[in-house]
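Peer 1: Taking the hints as your guide, dock the two standalone chains into a single complex.
Here's the letter readout for the chains.
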Amino acid sequence: MKYCKISFLLIITLCLICSVAFAARIEISAPGEQTIPLAMTNLLPMGVGGAQPAVATEFQEVLLGDLQLSGLFDMTDPAAFLSDADRLGLRRTEIDFYQWRMLGSEALIKGGYSVTAGTLTIELRLFDVITQRLLTGRRYKGKLTDVRKIAHTFADQILKSLTGEKGPFSAKIAFISKRTGRKELYMMDVDGHQPIRMTDHRSIVLNPDFSPTRKELIFTSYSKGNPDLYRKEIYTGRESRLSLKQGLNIGGRYSPDGREIALTLSKDKNSEIYLIGTDGTIHRRLTNHYGIDVDPTWSPRGDKIAFVSDRRGNPNIFIVDVHTLEVRRLTYQGKYNATPAWGPKGDRIAYSRMDNGVFNVFTIREDGTDERQLTFGKGSKEHPRWSPDGRFLIYSNDLNGGEKSIWIMRADGTGAKKISAVGGNDSHPAWSDHW
Amino acid sequence: MQKLTITGVVILFALSLLVSGCAKKPAVETSEVQETSQVEMQQEEPAGVTDTKIEDKPAYDAAAYDAAGVAAAAERAAAKGLKRIHFDFDQYVLTAEAKSILVSNAGLLRAAAAVKVLIEGHCDERGSDEYNLALGEKRALATKNYLVSLGVAAERMNVISYGEEMPIDPARTKQAWAKNRRANFKVKR
Chain A
1 MKYCKISFLL
11 IITLCLICSV
21 AFAARIEISA
31 PGEQTIPLAM
41 TNLLPMGVGG
51 AQPAVATEFQ
61 EVLLGDLQLS
71 GLFDMTDPAA
81 FLSDADRLGL
91 RRTEIDFYQW
101 RMLGSEALIK
111 GGYSVTAGTL
121 TIELRLFDVI
131 TQRLLTGRRY
141 KGKLTDVRKI
151 AHTFADQILK
161 SLTGEKGPFS
171 AKIAFISKRT
181 GRKELYMMDV
191 DGHQPIRMTD
201 HRSIVLNPDF
211 SPTRKELIFT
221 SYSKGNPDLY
231 RKEIYTGRES
241 RLSLKQGLNI
251 GGRYSPDGRE
261 IALTLSKDKN
271 SEIYLIGTDG
281 TIHRRLTNHY
291 GIDVDPTWSP
301 RGDKIAFVSD
311 RRGNPNIFIV
321 DVHTLEVRRL
331 TYQGKYNATP
341 AWGPKGDRIA
351 YSRMDNGVFN
361 VFTIREDGTD
371 ERQLTFGKGS
381 KEHPRWSPDG
391 RFLIYSNDLN
401 GGEKSIWIMR
411 ADGTGAKKIS
421 AVGGNDSHPA
431 WSDHW
Chain B
1001 MQKLTITGVV
1011 ILFALSLLVS
1021 GCAKKPAVET
1031 SEVQETSQVE
1041 MQQEEPAGVT
1051 DTKIEDKPAY
1061 DAAAYDAAGV
1071 AAAAERAAAK
1081 GLKRIHFDFD
1091 QYVLTAEAKS
1101 ILVSNAGLLR
1111 AAAAVKVLIE
1121 GHCDERGSDE
1131 YNLALGEKRA
1141 LATKNYLVSL
1151 GVAAERMNVI
1161 SYGEEMPIDP
1171 ARTKQAWAKN
1181 RRANFKVKR
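Chains A and B, in that order, are what the protein sequence lines are.
Just so we're aligned: 381 in this note's numbering is position 381 of the first sequence, and the numbers increase by one with no gaps anywhere.
Just so we're aligned: 1057 in this note's numbering is position 57 of the second sequence, and the numbers increase by one with no gaps anywhere.
Don't read these hints as lab results, they were simulated from the structure.
One thing to keep in mind: the hints can contain errors.
Selected chain A positions facing chain B (in silico; Cβ < 7 Å) [stated by the list, open to error]:
1) G251
2) K269
3) A338
4) G357
List time: in silico DSS-like cross-link candidates among lysine-lysine, alpha-carbon distance up to 30 Å [stated by the list, open to error]:
5) A:K178 x B:K1174
6) B:K1186 x A:K178
7) B:K1116 x A:K269
Note that the Cβ used here is the ideal one computed from N, Cα and C, for glycine as well.
Only chain B is shown next, with the shape it has when bound in the complex (with noise of 0.2 Å):
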């Protein structure tokens, strides 16, 4: 029973993961696309005039040609998809899974540039107040260094450490732990 349970958890998450997956990847196209539509418009303007009644993607459509559309879809995508990141016990260095995450949460900041981000560091609530505080903000500015590092101007992003003050899960198990010790994006406009 447990077994299958379990089974039933990871196939959720493989799900989960390829569900994420294909959702995060429009938002990225959405700027490829913009950059090269306007050429291609123009050379198909004269032909394709017309069939305009595309509405599946009414977006994408007024973003051709409205660049703050762009940026506002860019915007939304950047709420949506910056992951939060996570360490290991009592640790500021990023691990080759947050690097990662980084990378396309950088992708999306350089996409959006008129978002801006607070970066917010936490730790589990093992270890004392005050030194975990300066551990979460640790975190924080390790963050916004390598995304700093991917091209993501740095005045764009503000860091606050919470320590342990606001945990995603108060169990006090190993996975709520590992789940506390992170560090989690705010977009503000």
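Okay, chain A solo, but in the shape it has when bound (with noise of 0.2 Å):
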């Protein structure tokens, strides 16, 4: 596989004053109400080997789509650029920073690269404009096609000297797409690009869900007739049945900790959430109602799963205590809220709630108070996932006419834009931690 093959050296030679404090650090938890003013310069050629603009172009658009993404900059026009821009010294004294301060801008981003038998050097900074300091310094070294990760790999860099939390753009996506005509799994980067279809069931593939601590991914497969829960390890491209109880095997999530899964089962001939380990083997039973149980989510503590069930008529979420079992009722607006997803912070849990035939994604803080309606309007947004950083929310979206595809927006409902491809009908996205 493409991904295993990926020689990708980051190498922390410039690192000099890393964790310096930015003098306009932000709120990461409100994107959108402060923005930095930020200049981003061209990609300039360095050293021996030619120019490549190809290899500058496509880095600089992987980079900008991700700041504009995060919403946290207000990207100074290009088109504004004085003379230091076209200049590729890349050290502080070299830099004319008044140029910078007289457009407004406050940060910098730099960078030159080269091109030198086959292996792609691509080196960068970002300037605190006001007080003329370097924030951070890298030099990424890899093949032409890792261009695209090292541009989101800069841009989780450039968040985290600007916030102090990594941004979460070099990250993988798992979905389900019918792109073959069945449902198999697939993974893309955050942007949408380089989808790589992972299974060739030609079943039903549902559900994926990325291991916290491998880079192993657990889904739901029809294959041997039997919903069961897969795993799949991402590299060596391994799979197994971890969970083959007759009916559901579905909806697994690991626990924070990566040791336990929780999940659906209906071994008994209703479905109810259990804890199995990671060899398959059933740990503990969480629910246990004739109703409907189903959709678990753990909060990042691992103490508690929220989870969707009809017991009280209409299916809601509830939330239950892993280890008093203690049940309580979260959700009570509204006729039908399902597909919950704890966010990483802990404080908010986004899921989806239909109204006359249409999903939206809301948000709601643990304790059931202050919930927001985040999507409006035609489409129904559903499986709603959190960004690892908390940033970000991932959801299907069927606004064409019944197909789905995957969308990404901000954690307030902000910047929503669709970034898998035309005709896949895509699905159940899920967001890995930092790759």
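Peer 2: Structure below.
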């Protein structure tokens, strides 16, 4: 597999003043409220090796896409750039910060690249224009095909330097697509590029989840005639059936420590939430009710699980304490609340609610207060999942006449944009931890 | 014009009901004939040896002598005659209509004792995928339990839920959704 071969080296030789606080350090939980004026210059050819403008252009597109999606920046218009933008000078003393101050930029990205014998080197610096200091410097080496990954990785680094928390852009998104005619498991970049098919079950594959500790996915497949839970090692491709009880083995979710999996089993003729070990043995049954209990999602501390149940009539979200098994109801509004996803920061739970046949994404605090609707209008938006830093949500949207696609938005509902390709009929996205 | 087509459709539907009604009856009768025929045959055999060319119903004739043949016929009848049932939105309670269909299905299954069936539970596309998988299973189990209460052995029936994964009609209309909320039968031998 191609991913295995990425011999990508991240050399932190230039990380001199990495952790210096940025003058305008901002609150990560409130994207859009305060933006940093940022100037991003073109990547310039450096050293030996000819210029490869296509490489520079692709890099800039990817990086700019991530930065814009974050909603944290107010990009300085490149048309206004002055002479310093065309100079390669990457050292602090070589930069005319005065020019950038005149344009109102508070942060500046400069970089150079070279290609020698198939090896791509990209050197990047992020400066604080006001204090004229280097915030982060990185040199990346890889193959020409690694250019997108380098751009995503640097975007993560920029967010870390400016906000204290790494971005989620170099992670992966797993999803289910029907592009072969049958539902199979796929993986792609956070911006929807480079999709790769992971399974060839020619059956029905559903609902993937990433292991938080290993490069591994779990999912449900009808490959052997029953909806069983499978595990797949991403780099080796090795695959095994993890839970094959008669009836449903669905909605598997790794615990935050990666040691257990919460899932729905119906081996006793009724769907209940269970915890199983990574060897597939049942550790514990968490629910006990004749109604439908499905869709578990762990709190980040691993002490509670939110799930969907129709025990009070309509599908609603409940929370069960993993230790005491005490159950309490979380959602009261609406008639159909489903697919909860507990945010990695612990404060909010996202889910989708159906009104008049259309799903929209909502979030609510763990105590049931402060419910907010994040999406509106046409198209059913389902299966919200969080980015590992809690800044973004991904979900499926069937805006295009029944064909589903993967969308991404900020955690406050702004900046919604489609990332998966046309014609895939894509659903069930899941965002990996930092890759 | 539209009225005409509607009446046309209604008439067609009524006709198809009649036809399917007719088609089904002999299948049910088969088993009745088989039970009584042996006695009658013994009585008739000495007298009526002359006339043997009933080529219309060779299967039934064979059935009269051959239990395996009868079973095969009943199996065929079950494979053809088991009808799917439908559910209301987000419900797994059997409707009166569904129950009456299951009564007829139970008759076919009791007649074909060798037949095993897989009961598939399905949902319409509205609703969450996992919830619908659980709901589809509830529908399949409700169907199975009712058939058990009508005297079909539980071991002969397995259930599986496909949730909303296998719609009959992918359209996004009320009619399509109603069609897709169903439990159907697959005969296994």
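Peer 1: Give me the numbers of the hints this structure contradicts, sorted from smallest to largest.
Peer 2: Hints that this structure does not satisfy do not exist here, as all of them hold.
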